[in-house]
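For the record, the sequence lines run as chains A and B.
If you're matching positions, the first sequence starts at 0 in numbering that gives the first Met the number 0 and goes up one per residue.
If you're matching positions, the second sequence starts at 0 in numbering that gives the first Met the number 0 and goes up one per residue.
Rather than coming from a laboratory, the hints here were simulated on the basis of the structure.
Note that the structure is predicted; figures quoted are calculated from it, not measured.
For each residue, glycine too, the CB sits at the ideal point set by N, CA and C.
To give a feel for the contact side, a few chain A residues facing chain B, derived at Cβ under 10 Å: (1) G118; (2) S119; (3) D121.
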Amino acid sequence: MSSMSPARYEPDNRGGPATSGGSASIGKAVKIVGQIFSNEDLYVDGEVEGTVEAMEHKLTIGPNGSVKATVKAREVAVLGSIGGNVEATDKIEIRKDAKLVGDIKTARIIIEDGAYFKGSIDIVKPEPVRAAPKPAQQAAAAPHGNQVSVAAGATENKR
Amino acid sequence: MLLPGPLKGMFRSRGGQPPNGPTQPAGPSRAQAALRGGAAAALLSSRPSRGLEEFFTYIRGRCGLRILDMGGATQKNVTFITDLGHKMYSEDFLQILNDTFGADGTTEQSNPGRIEYFLKQTLNYQEGEFDGVLVWDVLEYLSPALLTAVVERLQHVVRPKSYMLAFFHADDKLDAVPFYTFRIGGANALEVAQNGVRRPAQLFNNRSLEKLFGRFESVKFFLTRERLREVIIKA
Numbered sequence: 000m001s002s003m004s005p006a007r008y009e010p011d012n013r014g015g016p017a018t019s020g021g022s023a024s025i026g027k028a029v030k031i032v033g034q035i036f037s038n039e040d041l042y043v044d045g046e047v048e049g050t051v052e053a054m055e056h057k058l059t060i061g062p063n064g065s066v067k068a069t070v071k072a073r074e075v076a077v078l079g080s081i082g083g084n085v086e087a088t089d090k091i092e093i094r095k096d097a098k099l100v101g102d103i104k105t106a107r108i109i110i111e112d113g114a115y116f117k118g119s120i121d122i123v124k125p126e127p128v129r130a131a132p133k134p135a136q137q138a139a140a141a142p143h144g145n146q147v148s149v150a151a152g153a154t155e156n157k158r
Numbered sequence: 000m001l002l003p004g005p006l007k008g009m010f011r012s013r014g015g016q017p018p019n020g021p022t023q024p025a026g027p028s029r030a031q032a033a034l035r036g037g038a039a040a041a042l043l044s045s046r047p048s049r050g051l052e053e054f055f056t057y058i059r060g061r062c063g064l065r066i067l068d069m070g071g072a073t074q075k076n077v078t079f080i081t082d083l084g085h086k087m088y089s090e091d092f093l094q095i096l097n098d099t100f101g102a103d104g105t106t107e108q109s110n111p112g113r114i115e116y117f118l119k120q121t122l123n124y125q126e127g128e129f130d131g132v133l134v135w136d137v138l139e140y141l142s143p144a145l146l147t148a149v150v151e152r153l154q155h156v157v158r159p160k161s162y163m164l165a166f167f168h169a170d171d172k173l174d175a176v177p178f179y180t181f182r183i184g185g186a187n188a189l190e191v192a193q194n195g196v197r198r199p200a201q202l203f204n205n206r207s208l209e210k211l212f213g214r215f216e217s218v219k220f221f222l223t224r225e226r227l228r229e230v231i232i233k234a
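In isolation and in its complexed conformation, chain A is listed as follows:
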């Protein structure tokens, strides 16, 4: 097993935007100590200590995965073990034989029979998305900044 000194690890996302379905993987023979920020789905089957953030993406802790870290992601699936607080804006799944010791904050949670969990669960319902204002309303409510930019453009035309 390799071990890295404390470092910041950001998976390469040059393969395309996050929405392309790309994912990064940390193999079971890898240990990372430090901070991980992921802009794509992340699969951890190795060992991680520190923090893991995949705010708009899914984080999966594989059956061999061991994470001692504060975790933030859109969605978290645990098949291995996590020791640390977990925040998932969408949902957390703790699968059979998985182990999670820490406090959870999420919108939804799924706990399979046979999973081990010790900690607190705080269900945070996502705030309803407000409908975008209609164009007429937008114009009426346009902030001073827009007016200033239009006036500046008119001045340039005169020149």
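Chain A is fixed; fit chain B onto it per the hints.
Here is chain B on its own, set in the frame of chain A:
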């Protein structure tokens, strides 16, 4: 002998073998596997529960309470309690008990050092942290010294005037009792899944329970058809 309801599979050990296996629970690994759900838990019954109904009477209509479930996390319990708007805390008390003392380690349960270590692993919360505790049946598996320490700790971590729900077998002559996973089926309904059979460290009658919780404000009993005492303890 087959008994109805959740007591199905219960037997009286007389030094021989129970109908379906050894009297003593198998080694810790098997018991732990069972506790973790490695062994299939058999859903035996769904039954009404006056104790649960009473417990939820006190926490219903309020929001943002902190409720501790000592039976380990189950989807139904988490969903039911969080849907009421409460924050749920989960402790797999029996798993930690096994990890600390072994699956049937009642002999070591009087060791002060081990008790102190155990209480660092579980129920390690601030004073008055909880507004309610689902204790279920876990206290039956504690020897007197450990039980006293655990009850004192419970009294410490619950807020005054809050409630705890605990179960005890009503027959105080049993040598082995089934241990269960309790799933909340509704405000007054329990789904009971048997995880195996375990030797209780001690069994209780009403008087001994009143003595055990003597420092709490009140103790209220409900006797079920399955000869379980459901006990509501007010802190």
